[in-house]
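Student: These are the residues of each chain, in order.
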Amino acid sequence: MLMLFAGCNHEPSANSQQPLFKLLQPEQTHVEFANTLTEGLNTNVLMYEYFYNGGGVAVGDLNGDGLQDLYFTGNMTDNKLYLNQGNMQFKDITADAGVAGRPGPWKTGVTMADVNGDGKLDIYICYSGKVRAGKRVNQLFINQGNNAAGVPMFKDQTADFGLDFPSFSTQAYFFDYDRDGDLDLLLINHNPGRISIMDDAFVKEMSAKRDNESGIRLLRNDNNHFTDVTVGAGIINTPLSYGLAAGIADINGDGWPDIYVSNDYSIPDRLYINNGKGSFADELQKQIGHSSFYSMGNDVADINNDGKPDIYTLDMLPEDNKRQKLLFGIDNYEAFDLNLRVGFYYQYMRNMLQINNGNNSFSEIGQLAGISNTDWSWSPLFADYDNDGWKDLFVSNGYTRDYTNMDFLKFMGDNLKDRRVMRQDLLDIVSQMPSSQMKSYLFKNNGNTTFTNTSEQWGITMPSNSNGAAYADLDNDGDLDLVVNNINQPAFVYENQAAKQNDNHYLSIKLNGNGANTQGVGAKVSIYSGNKTQYLEQMPNRGYQSTVSAVLHFGLGKDKQVDSLRITWQSGKSQVLQKIKVDKQLVLNEKDATAASPAQKQINPIFKEVPAPIAGSESDNTTNDFKRQPLMVNSISFSGSILTKGDANGDGLEDIYTGAHDGKAGVLYLQQKDGKFISKAVPAFEADKNSTDAAALFFDANGDGKPDLYVASGGYADYKPDDVLLQDRLYLNDGKGNFNKTNNALPKMISSKSCVKAADINGDGFPDLFVGGRVIPGQYPEAPESYILINDGKGHFTNETAKYNPALKNIGMVTDAAWVDMNGDKKPDLVLAGEWMPITVFENSGTKLTDATTKYFDKKYAGWWNCLQVSDINHDGHPDVIAGNIGLNTQCKASDAEPAEMFYKDFDDNGSVDPMLCFYIQHKSYPFVSRDELLDQMSVMRGRFPDYKSYADATIDKIFTAEEMKDVKKLTANELATACFISNAQGKLKQAVLPLQAQYSPVFTITSFDYDHDGKEDLLLCGNINKARIRFGKYDANYGVLLKGDGRGNYQYINQQQSGFSIRGDVRSVLPLNNVLLFALDKGKLKAYKQ
Amino acid sequence: MKKLLMLIPACGLFAMISCSPKKQPELTNQDVSKVIGHMTSVMIHDVTNPPLAARFFAYTCLAGYEVVAENDKQIHSMRGVLNQYPDIKHPKQNTGYNYQLSAVLAMFETSARLLPSGTLMLGYESSFIDSCKNIGFNSEVIDSSKSYAKTISKQILAYAKADGYRKINNYPRYKLKQTPGSWDLTPPAYMLPVEPYFNTIRPMTLDSAAQFVPDAPIPFSTDKNSAFYKYLQMSYAKSGNALKQEEKDIANFWDCNPFAVQNDGHMLIGLKKISPGAHWMGITAIACKQAKTGFSKTVQINTAVAIGLLDGFICCWEDKYRTNRIRPETAIRRYIDPHWKPLLQTPPFPEYISGHSVVSTTAAVILTHYLGDKFKYTDDVEVNYGIPPRHFSSFTQAAKEAAISRFWGGIHFMDAIDNGIVQGNKVGNLVVAKMSGQRKL
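Chains as they are written, first to last, in the numbering used here: chain A, 1 to 1091; chain B, 1092 to 1532.
Honestly, the hints are just simulated from the structure, not real lab data.
Quick list of in silico lysine-lysine cross-link-like pairs, DSBU-like style, CA-CA up to 30 Å:
1) A:Lys-966 x B:Lys-1241
2) B:Lys-1224 x B:Lys-1245
3) B:Lys-1245 x A:Lys-905
4) B:Lys-1315 x A:Lys-204
5) B:Lys-1432 x A:Lys-130
6) A:Lys-969 x B:Lys-1258
7) A:Lys-1085 x B:Lys-1268
8) B:Lys-1329 x A:Lys-417
9) A:Lys-748 x A:Lys-970
10) B:Lys-1491 x B:Lys-1465
11) B:Lys-1339 x A:Lys-417
12) A:Lys-286 x B:Lys-1268
13) A:Lys-848 x A:Lys-827
14) A:Lys-970 x A:Lys-924
15) A:Lys-969 x B:Lys-1252
16) A:Lys-748 x A:Lys-720
17) A:Lys-560 x A:Lys-584
18) B:Lys-1258 x A:Lys-970
19) A:Lys-741 x A:Lys-680
20) A:Lys-1083 x B:Lys-1268
21) A:Lys-500 x A:Lys-22
22) B:Lys-1258 x A:Lys-949
23) A:Lys-826 x A:Lys-706
24) B:Lys-1180 x B:Lys-1237
25) A:Lys-720 x B:Lys-1258
26) B:Lys-1258 x B:Lys-1241
27) A:Lys-1034 x B:Lys-1268
28) A:Lys-673 x A:Lys-1085
29) A:Lys-1034 x A:Lys-627
30) B:Lys-1467 x A:Lys-417
31) B:Lys-1258 x A:Lys-966
Computed, partial: chain A to chain B, Cβ under 7 Å:
32) Ile-197
33) Asn-332
34) Ala-335
35) Asn-910
36) Gly-911
Remember, it's a predicted structure, so these values are computed and weren't measured experimentally.
All residues carry an ideal CB built from backbone N, CA and C; glycine is no exception.
Given the sequences, and given the hints that come with them, work out the whole structure.
Tutor: This is the structure in structure tokens:
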């Protein structure tokens, strides 16, 4: 007992099998509160759409005895206040304290804050529901101090503070937005009815309306009276509002608190950046690439210890295959585009983790982090639960009735024919639906921006429908306990065992603010130990409908001391402490902070954007590859140019060729002496403008000393498989930059290509070519044709693929190639990479190319490779390989034991190939395709899967008969990470680890250069896929990943603030030229950066 | 000589003579209607879209029709009548069957394989066979009839499979035209458009989907003096608050939307009703019962109506996706009042021409041909949906009411309705001509 009060325990746990959290029983804690819902004719989900959204829980020391008390809101049932008596014992003092609120429906969130700045914590309760206005006035209970028995007493002073108005509120947040020393109020409200019609006209009109009951409001505190400043502050207040949470923090580090608002349904989230002059601007669409669709709770916290707060929002995507299959219909690109058109932006149904790049941009990596799929989730809470120095994650989840299920949508109507009694019938059906319970999640932070699901090991074993949650050190033993509000079940009180189980240290911090902001809301604390740092911001109102402890908590791992600590209060005053002892509570007073806040570090970026030296040919192409083959994995069409350089006119200055795309011809830009570029008209290029240039190469084809231009034609779009526009072109150069197509220089090569690489394959002194085939338009993933072209020296090429190795003809969907002498015999060998292909090495004997992959790789590395670079990185005489892949920030995961697979065949014999992507979810392989997508692809399936349930568990062998699987073709991928392979002394390639940022997004370009001139090769990786299938979501987390190399195959990520790269969009080509890096983006845009 | 003459004609007659001497039970027109009724409920469950429902009705009825045509001289074969109708191979030795029983079983067998939840039809078939035993069909006759039915059904299914529907998956998916006046997804569910390639399947009587191309729609315009804008105003004014109660009732009566989505927060539910085609098959059942038509005639009438529905949908859908016209709901909300909602939920496909107008008129023409043009009846098909029955003085009157109801429902402009009726008449007359043995119109 004494040990618990002493706070720390250095003994490691005797039994390490004990879970981290122990669920205490209500009999022990006396916390008997349960958010019990009573469904009836007037109280049900049809009457009020948020009927199952749950209640909240607030934690705070209400009576000043050093113990954190608990307040629970019940939607329909009575709220409860529990006084913490120590030893995890609690006493119901609701009635005595006078803080029950109004009985009956409908209570939502609860906030604790010192609203009137008298040093005592007050309580604010939110109301909503389809009830009359009088029942929806939120309540502010001001703490009057303790009575003789030590029970805090409260008085309803809502009207005194000017807060007696009705609203449909989710939660209230108290923070000092104008930094005048008192707490203002942000009220997150929601529309009680679902507005399903979201077309342009309607959205436009509704967006111009104000709605004080449904819309979000900001109220400024003026001497304990609140004034509405919503409109002037730039806060959007309309009926189109489904606010479920706000994350308040100084997101951009300028000293002013910003706000992230989660909006449910298609209404977009908001990123309100405080301009410091009393108003906010919504910059979500500028800074963030995509957000959660049904954003529920959120949490803003620094999860990677880089000192910048990151943003995490919850949604409804299930982890398991079965639930996913019951939830999804068909990817509806038109509905998605409608959302974009009305300004609702890119939204996808999964949790999103937005990593703050510090330069007004965020990289969303929830999938990479492993926290994207937690089913219908409510409350995310980042905190260091195991005290190891990294913030872990708790997620509460649950859906009281499973009506999101597609079978419900489609088949419940069978029972609802007579419209006259429909309402009652529907209610009957809803109430008969099983109430399914889920287990909440606990994730341990691995310290590298990824998390491991430790739910079971850390003590989550009870299924529940959990909503609001909060953390606090309830027993003052140095670790954070968890309290969870459950529907129709007693609340969970989890006692954290870390203090008993491990020997990690901690530091907790109590803040005493000046003026009316007594809890120091908005204060920022950074601690430093060795080269480690952690960052916390004081904002107890977080998560979902709840308030966490106002005592800040740092876990310290094995550090026995904190080297230094800096606190910067909301006022800007700052204080630094040194050599802080651990395993105790530190009290910091704002009056002791006398220094000015440190100036924001000025970072001089290495690269700056400059105007592109050439104009692009912009195009507004709206091609959607998924309209042609709905089951392609990723889109292939690209609405931008390829870039290539060469000295076309022999003046010693490199010129640029930008490739043809979207009906715009390829363009030749001649560099002038002053460094500018002027385009030169080339009629031959104009004639071929309807081809799509996939790759281009300047080389001397006919041996006359002048660089000719080979252009490989590619693309997908609407090309027919035998389209003449897929034929490659060779343009001979007269030396002055006049190019003319020679019509019989090349054999027939009707194939959609990806790359062309030159080498003297047969050693006869003339450059030959490998041309890679990418795809057969309309017939993905059938292998297209690739080519070995042998040059007769006069610019005439013969197809000798079969002679060199017939397997090369349809080797696969090649994306890149390289000619490099791999075995040191001075003959160029061929290295290939492609989609669903292993990185393959063909050794060249001069007359034959032989697959020698196993000589170089210890296993097959088959991936969705996009690009390849082979060079001697570590200068040991053996070539090394870097290959760009889809990366690890995807729904699809692959490994040796659990590969991704592509089964394809014209299963239904109707003339088109049916590609079936399968990958592992929870250790079993399932087809990715949803039931509706399957039926849309093969109408014969309609009879096999008459409902969603029959399809939900189907594996590929349950979809197709054994007969149908005969002769099926299969492709495999076991490696989806962008990879670096360094060759050892024997020339064997071993995988080296790249920084995690290389996996943020698909990599399509690898540019190697030595930006810091230290003699060691550095890399710039770019890519992204904007036009992704809806259920995968757009890949946009890469803004230009700069990696500094050490010359031995180790790379260090240079963050975006330092590198200066801020490239938004898809990159497919990067051209270094004259100290400038030129980027070709989608829609034909060009960007340039210079050091 | 006489004896020989008697032995040579229809093998059906011969077969009947060789049946057991006990008198065979007879099936009635209601046994035919019941199969159709079961199909309708399974299709409601499956949410089969209106054109596809017609396709299922047509091929199912054809299977029953083929059996009847092979056994009843009064009913002529479809060979040479319907496009590419196959040369049906008759079973080698088939005796001891009852052709009426076979016809009904052929319909069960065919629909069981056409409908996604077709196994439900097999359940109904089982019950039907039990009831046949109860009225005196013996097991041998039943088995023999079923075997015959299966042989025919298989060939009709092959005929169906060759109509091109299964190739539709190969075509690029529908893309919005994105021009002013072109169709856009409609609320509340913004569903993808239904059957954009229905015009590529083989029609039964039409020479092509474009045989009866209607007049062009009134051109789109937002000019307040234009004819189109006046149309917008008409729909806006009428199908809102200016509808009389009876007009509302009529609109609901002919709603026939297989899947109206209702939104309650995260809970979505699809409210189901029968499709327009199913409604008219239901009317056919009512009419045959009232007119006490014989078994063969009933099969003939049902088949003719189903063929009319299919071909009606084929040419109507050709027009819808050729013109891609915007729906009243989209245009009115965009150009007049963003809050306007039609009385009925707009179905997910382009506007011009009105499907209900086409197929209702087609069905009415066909039913009039067989049962007369002053045929009074009471339509209680919608009673299960809480909608009371309505009385009609003729099929034509019903069709006219169905057509105008689309305007009142706020989901069609008048030219789509008027030209739908014109096209419906043409399709109906063509079907009648073909069924009557006239090769040319």
